[in-house]
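Heads up: the protein sequence lines correspond to chains A and B, in order.
Residues 128 to 481, numbered by our numbering, are exactly what the first sequence covers, in order.
Residues 128 to 481, numbered by our numbering, are exactly what the second sequence covers, in order.
Hints in this document: simulated from the structure, not taken from any laboratory.
None of these values were measured; they are calculated from a predicted model.
Which copy is meant is left open, so a pair is good if it fits within one copy or across any two.
With a straight-line Cα cutoff of 20 Å, these simulated PhoX-like cross-link-like pairs (lysine-lysine) come out: (1) Lys435 / Lys410; (2) Lys220 / Lys130; (3) Lys306 / Lys318; (4) Lys475 / Lys144; (5) Lys306 / Lys157; (6) Lys455 / Lys242; (7) Lys242 / Lys289; (8) Lys188 / Lys152; (9) Lys137 / Lys220; (10) Lys145 / Lys157; (11) Lys304 / Lys410.
Number of protein chains: 2
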Amino acid sequence: MTKLWDEISKPSFVINKKRAIANIKLMARKFNSQNILFRPHFKTHQSIEVGAWFTDAGVSKISVSSVDMARQFFDAGWRDISIVFSFNRREIKALNQFSAEAQISILLEDLDTAKYISENSTADLNVFLKIDCGYHRSGILISEFETIKNIALKIQELPKLKLKGLLSHFGNTYSAKNKEEVQTIFESSLKAINNLRDFLSPNFPDLIISIGDTPSASLMDNFSGVDEMRPGNFIFYDWMQYRIGSCTTDQISAIMLCPVVAKHADRNELIIHGGVVHFSKEKLEHYGPICDISNGFGTDVIDGVYLKSLSQEHGIVHCTEEFFSRTKIGDLIGVIPVHSCLSANLMKDNTVIY
Amino acid sequence: MTKLWDEISKPSFVINKKRAIANIKLMARKFNSQNILFRPHFKTHQSIEVGAWFTDAGVSKISVSSVDMARQFFDAGWRDISIVFSFNRREIKALNQFSAEAQISILLEDLDTAKYISENSTADLNVFLKIDCGYHRSGILISEFETIKNIALKIQELPKLKLKGLLSHFGNTYSAKNKEEVQTIFESSLKAINNLRDFLSPNFPDLIISIGDTPSASLMDNFSGVDEMRPGNFIFYDWMQYRIGSCTTDQISAIMLCPVVAKHADRNELIIHGGVVHFSKEKLEHYGPICDISNGFGTDVIDGVYLKSLSQEHGIVHCTEEFFSRTKIGDLIGVIPVHSCLSANLMKDNTVIY
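Isolated chain A (complex conformation) (with noise of 0.2 Å):
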């Protein structure tokens, strides 16, 4: 155990910023090769402190999910922002605050709501049109080739708004199981909105596509046709892009450490102080393997012991008998994250720089 493990108390998301950031450059590099503009997607670890890190690697345009968020590295000084979420009207007055000092996107897929934008909005806009690609969350389906045209023409008349480009969120490449599935969905769906963008030309020649899955985005080589890629997930990477192959475990870069406060020897199981309210509730085979910390922070799995259930604080480790046995009450115990955005948004005021 290392002495920074002496000092943490509690559950604590222990980022391993060397890991982090070699994730980042891998990135960086990949786009910027491909002339593919890079703008990562900051919902992912929500703070200011890694935020630069992505400075240091020559990234200036961003990607956020809310208002609120774009607030956030607005007052961070990120200037160049794209609220990459259908848009909630109702926060028009909150990106009045501050749009008029930045360049933002906007992402809208009905008339109504862009109309109303345009009414609303002190700032130019950029728009970019959310086309569903076969996720089926939100967007306006790729088969409705003709209603995104009429969209786009009538958003094109509006004041304040100027239409940028088509964008979408390949999302279920997260429900894949390998790289041929990933590649699969990423191809076809490449390639319908590709296709949309041609029959869009003789109106909008300059019209950009910009989508961003971490599966995408670690596991293709070949983006062309692509103008803007938007992963987030990728820096600190989870048990599901494993699962999914989108990394190594060497690559994941971020773990929960969490107190042990109870063995269990009739059933081989520790409490840990860690649940719902620190991991969120996302679940694979379990919520999540424990990883080995023995020499510091690391990622290397240890087969057959893993979180097997979480109520709001407490934590059930389903245990070897090895590992039961040399586990201590007040030892940390490392889990690799199974969904790391949903643990960093819950860990915000307990995150530790490793």
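Go by the hints and put chain B onto chain A.
Just chain B, lined up with the frame of chain A:
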């Protein structure tokens, strides 16, 4: 829609003060009339303002689930605080910062931790032994009479620690489907822990019994054999408690309000700003039913309309055709949270008292 609704621009946790206070008063009366100490669990709301409503109802002793939470309420003036979570020894220094100026009770389930706390605490502490009556999360198994007696006898000899009682959380009532199932768990668990108290009484004639799940607290009438009750969730209740039968919908005092940001007519679905970072990810048959807020705060469930899925910031609402057609982008919708404690925790900075 009320004027307040117009002022809400983002996902908000709305507490109906009148209903919350009625829930507090009902519970306080129930326990006061049976001479049972009412020590409500403040992890549900974690709010100084809401805490004051308990003061008004005569409450002066509270339960919390971490040293941080104890500190928060200590700073707000509370002086009799039980930390009802198997004590995390790494936080003894944090506890020492304020424990001498308060009456702190802690929860223990092993002798080694007891010794550690005895050696490292700067203040006298009351101790409850955590007993597992069948929930199997944490605590010493109720069947282990001799083990419990030995731990109790040794704790008695340790400086700083005073054994006050036996504490259990009948958390298996949360999986009950009706009052009868709650009653079965409550009565059998209560009988078992009273048998344990009887066994210990020659050496410890004054041990009290502390229990506290909301289903038992809400549904049972006879608390003979209980000295202290620690429910927390009842102040708000939620969809889970309604499904168990702990409350009517009229008693639910907290809902989420979320702006509609998109409509998808091809699948009768609304997209709301409101995701895992607002609701957490507790699920029953869905992530929460939609309720009628057309006349202000309300909890009348709209049949067939519910939160179908959640990602980090997005929620997808499955609608009837009727609800879909009358709901507009920019409207707010109301959602009854599945587990209000988790939503309240996430929404600390976006809570509205109605």
